[in-house]
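Peer 1: I would like the entire structure built from these sequences, with the hints used as guidance.
These protein sequences, in sequence, are chains A and B. Just so you know, the working numbering puts 332 at position 332 of the first sequence, and the rest follows in order with no gaps. Just so you know, the working numbering puts 54 at position 54 of the second sequence, and the rest follows in order with no gaps.
Certain hints may be false.
The list makes no distinction among identical chains, and a pair is therefore deemed to hold if it is satisfied within one copy or across any two copies.
To be verified - EDC-like cross-link-like pairs, simulated, lysine to aspartate or glutamate; straight-line CA separation at most 16 Å:
1) Lys-128 - Asp-105
2) Lys-310 - Asp-108
3) Lys-5 - Glu-384
4) Lys-137 - Asp-112
5) Lys-5 - Asp-237
6) Lys-380 - Asp-65
7) Lys-343 - Glu-376
8) Lys-309 - Asp-149
9) Lys-211 - Glu-67
10) Lys-309 - Glu-285
11) Lys-117 - Glu-67
Just so you know, the hints here were simulated from the structure itself, not pulled from any lab data. Just so it is clear, the structure is predicted and the values come from calculations on it, not from any experiment.
Chain residues, written in single-letter form:
Protein chains: 2
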Amino acid sequence: MTMPKGPQAFPRTEYLRRLNTVKSEMARREIEVLVVTAPANITYLSGYTSKSGYVPQGLVVSLDDEEPTFITRRMDGPAAIHQMFINRSHVIGYPETLIANPNRDGYDAIIDFILDKGRTRGIGLEAKLLPASTVEKFKYRSMKAKIVDFTHVVAWIRGVKSDLEIGLMREAAAISDAGMLRAREVIRPGMREADLAAEIIGTLVRGADGKPGTDVASFFLCSTPRTSTCHIRWTEDVFQLGSQINLEFSGVRHGYTSPLMRTMSIGSPSDQITRLHEGEVAGLEAALAAATTGRTCSDVAAAFNSTLKKCGFEKESRCGYAVGIDWTEPTASLKEGDITILKPNMTFHLMLGNWIDEDVGYVISETFRVTDVGGEPFTKLPRELFEV
Amino acid sequence: MTMPKGPQAFPRTEYLRRLNTVKSEMARREIEVLVVTAPANITYLSGYTSKSGYVPQGLVVSLDDEEPTFITRRMDGPAAIHQMFINRSHVIGYPETLIANPNRDGYDAIIDFILDKGRTRGIGLEAKLLPASTVEKFKYRSMKAKIVDFTHVVAWIRGVKSDLEIGLMREAAAISDAGMLRAREVIRPGMREADLAAEIIGTLVRGADGKPGTDVASFFLCSTPRTSTCHIRWTEDVFQLGSQINLEFSGVRHGYTSPLMRTMSIGSPSDQITRLHEGEVAGLEAALAAATTGRTCSDVAAAFNSTLKKCGFEKESRCGYAVGIDWTEPTASLKEGDITILKPNMTFHLMLGNWIDEDVGYVISETFRVTDVGGEPFTKLPRELFEV
Numbered sequence: 001m002t003m004p005k006g007p008q009a010f011p012r013t014e015y016l017r018r019l020n021t022v023k024s025e026m027a028r029r030e031i032e033v034l035v036v037t038a039p040a041n042i043t044y045l046s047g048y049t050s051k052s053g054y055v056p057q058g059l060v061v062s063l064d065d066e067e068p069t070f071i072t073r074r075m076d077g078p079a080a081i082h083q084m085f086i087n088r089s090h091v092i093g094y095p096e097t098l099i100a101n102p103n104r105d106g107y108d109a110i111i112d113f114i115l116d117k118g119r120t121r122g123i124g125l126e127a128k129l130l131p132a133s134t135v136e137k138f139k140y141r142s143m144k145a146k147i148v149d150f151t152h153v154v155a156w157i158r159g160v161k162s163d164l165e166i167g168l169m170r171e172a173a174a175i176s177d178a179g180m181l182r183a184r185e186v187i188r189p190g191m192r193e194a195d196l197a198a199e200i201i202g203t204l205v206r207g208a209d210g211k212p213g214t215d216v217a218s219f220f221l222c223s224t225p226r227t228s229t230c231h232i233r234w235t236e237d238v239f240q241l242g243s244q245i246n247l248e249f250s251g252v253r254h255g256y257t258s259p260l261m262r263t264m265s266i267g268s269p270s271d272q273i274t275r276l277h278e279g280e281v282a283g284l285e286a287a288l289a290a291a292t293t294g295r296t297c298s299d300v301a302a303a304f305n306s307t308l309k310k311c312g313f314e315k316e317s318r319c320g321y322a323v324g325i326d327w328t329e330p331t332a333s334l335k336e337g338d339i340t341i342l343k344p345n346m347t348f349h350l351m352l353g354n355w356i357d358e359d360v361g362y363v364i365s366e367t368f369r370v371t372d373v374g375g376e377p378f379t380k381l382p383r384e385l386f387e388v
Numbered sequence: 001m002t003m004p005k006g007p008q009a010f011p012r013t014e015y016l017r018r019l020n021t022v023k024s025e026m027a028r029r030e031i032e033v034l035v036v037t038a039p040a041n042i043t044y045l046s047g048y049t050s051k052s053g054y055v056p057q058g059l060v061v062s063l064d065d066e067e068p069t070f071i072t073r074r075m076d077g078p079a080a081i082h083q084m085f086i087n088r089s090h091v092i093g094y095p096e097t098l099i100a101n102p103n104r105d106g107y108d109a110i111i112d113f114i115l116d117k118g119r120t121r122g123i124g125l126e127a128k129l130l131p132a133s134t135v136e137k138f139k140y141r142s143m144k145a146k147i148v149d150f151t152h153v154v155a156w157i158r159g160v161k162s163d164l165e166i167g168l169m170r171e172a173a174a175i176s177d178a179g180m181l182r183a184r185e186v187i188r189p190g191m192r193e194a195d196l197a198a199e200i201i202g203t204l205v206r207g208a209d210g211k212p213g214t215d216v217a218s219f220f221l222c223s224t225p226r227t228s229t230c231h232i233r234w235t236e237d238v239f240q241l242g243s244q245i246n247l248e249f250s251g252v253r254h255g256y257t258s259p260l261m262r263t264m265s266i267g268s269p270s271d272q273i274t275r276l277h278e279g280e281v282a283g284l285e286a287a288l289a290a291a292t293t294g295r296t297c298s299d300v301a302a303a304f305n306s307t308l309k310k311c312g313f314e315k316e317s318r319c320g321y322a323v324g325i326d327w328t329e330p331t332a333s334l335k336e337g338d339i340t341i342l343k344p345n346m347t348f349h350l351m352l353g354n355w356i357d358e359d360v361g362y363v364i365s366e367t368f369r370v371t372d373v374g375g376e377p378f379t380k381l382p383r384e385l386f387e388v
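Peer 2: Dropping the structure here:
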């Protein structure tokens, strides 16, 4: 029996459209063949979400092939055949002898493939994401080729979503909402942090509206006395009356995320946190109003920062970043000075976590898309500091 | 209020012992200051498990300082003060201006720190894990220093566990066992794969024996018709009578993992899978018997391979790898030809997943420690092909 093709997250035409945009950029940069290695970019151009990226793999895009070719460890070939939109003949497994081998690795298989095809003019690499030794290997082994850095080019192309992608991000957002509502429902004094985490993560996996989560993304639960931290999973502590719980997580649909942050309090929050919450919500609304087509990331950040300042607070870190497959996109930031121009269906995580000194932290965030009339958030949750 | 120190996974003496081993290697390689960037190595040398490694950070070990210094994004400083064994004065936060800045990043803050201290002789870097541009930056900015590659040196030191570490891996194994038992309990025809994943992951987070899981590690659920795949999370499918479910996951305790694989079948498995199971269990037992102090990784793999071959099967991929913090250690492999000599308390994931062509896959694995009388597995599960 051969591996059947699985259900596809997008139609073939969607992938070919994405590839054509990439190929235009390749042609403009005089690249004949592009080796895509960033896992989120591979997902974007093929539908592959299997987690084999801890060993070398590459999606090879050629100007003269409609479909890309995926070169991966042989044991991961069947998953690629199952998940990717491409023909099975475009999945090439390299042998196990290239694993844990100090002399040759999977990148040699990719170079062999390129050299066999006689493609030795411009080769595009996501060079800044690769180990130096790998880039050297490409240069050395394909001596006649010009190596062109393509780092983050596909990520910038990913920045503007199609309506189909927006649909998946809305599904992910519904799952994020379900997780947050579950938290509000079950938090109580005496509960272990880990038990809350289990309830939320279980909800994120079960999904919402009949659509399961398809992965577990990053997850942070930073509670008293750790509310000034932002990237702790959870601890072995037990909640008490007066505990504050800062939550950040995301549902996932076929790689697409829609992160969400909310702050919860067992009993009344302090006056300081209440005032900070009010300032942050005012800032969030100002930021969304500013996120219209044609304005800049800097404008959105300035709208947030000036509003928050009027309320007597400041936020040191950026107000957010482009978001999509596997969460953060390494491109535009919602910060003053980032003059990226907003286009319809760009999506951002308006991340307003505010950690002040060592003892104060408050979080709220929404994932939104840019429209002509402002940022349209995907969450349906109220902008409350949830008192439970 | 200042951030309090959290409960520590290990006593200070344990971290100092580890650091002394690292410092001996530094001295031997004429390195005055070492920049540790691999997250698992940072955890090993400090207790830090917060997930801030998606931006530059470095644990700087100096021969003339008892404690290392951690240089991290300012917002992550409080988590470092809370989790690391080091004095708070050894946590240095760099400002937000170094985030999403094309000209200067957190590595510049690390270089500034080293240059300020006047340490400009040998600088050790985990160079093969860093982007080429970062290594270039270190070379360029600290011109007088000799840059020495320290890639995987700390990982090799991590290879031999202390009894305290073995204790945490046993706790992680008890959680892995609980997850597998939960799977056996709830799998039934008509169940969605995602609902099974939610049940298992919820169990992995709640933990076992009163000790919660402290993170969610990688997780794979590859079921019919995808049993020949190995790295798919789960799908939207529903189990049916006759479905086979291959599971791989791990409990986590303060970073330490103890991965486990088992195969489950709804109804009777095929004759082929039953015979493969029998061969694999025989091979597993032969491998554990061979894993005695003084023998080699190659010996363990050969014992497995020859036993499996007698049963009429072969396995293409390696039989396992060193395991510990954050799962795989990038060092020893259980494969023929790897002549790493086994020492007491080395720990391996004896990973016997066997994916044959596109339609057959069977998984079983155990995490074990090396002893003088053979590999001692941490799991207490029977070596069964679970029929549910």
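Peer 1: If a hint holds in the structure, say so; if it doesn't, say that too.
Peer 2: Going through the hints against the structure:
1. Lys-128 - Asp-105: between (19 Å within a copy, 14 Å between copies)
2. Lys-310 - Asp-108: The answer is neither: 57 Å in one copy and 34 Å across copies each exceed 16 Å.
3. Lys-5 - Glu-384: neither (44 Å within a copy, 31 Å between copies)
4. Lys-137 - Asp-112: So Lys-137 and Asp-112 pass the 16 Å test inside one copy only (12 Å; across, 31 Å).
5. Lys-5 - Asp-237: between (46 Å within a copy, 13 Å between copies)
6. Lys-380 - Asp-65: neither (43 Å within a copy, 52 Å between copies)
7. Lys-343 - Glu-376: within (13 Å within a copy, 59 Å between copies)
8. Lys-309 - Asp-149: Neither, since 41 Å and 47 Å both go past 16 Å.
9. Lys-211 - Glu-67: neither (29 Å within a copy, 49 Å between copies)
10. Lys-309 - Glu-285: Only inside one copy: Lys-309 and Glu-285 sit 14 Å apart there, 66 Å across copies, limit 16 Å.
11. Lys-117 - Glu-67: within (15 Å within a copy, 54 Å between copies)
In this structure, the earlier hints numbered 2, 3, 6, 8, 9 are contradicted, and the remaining ones agree with it.
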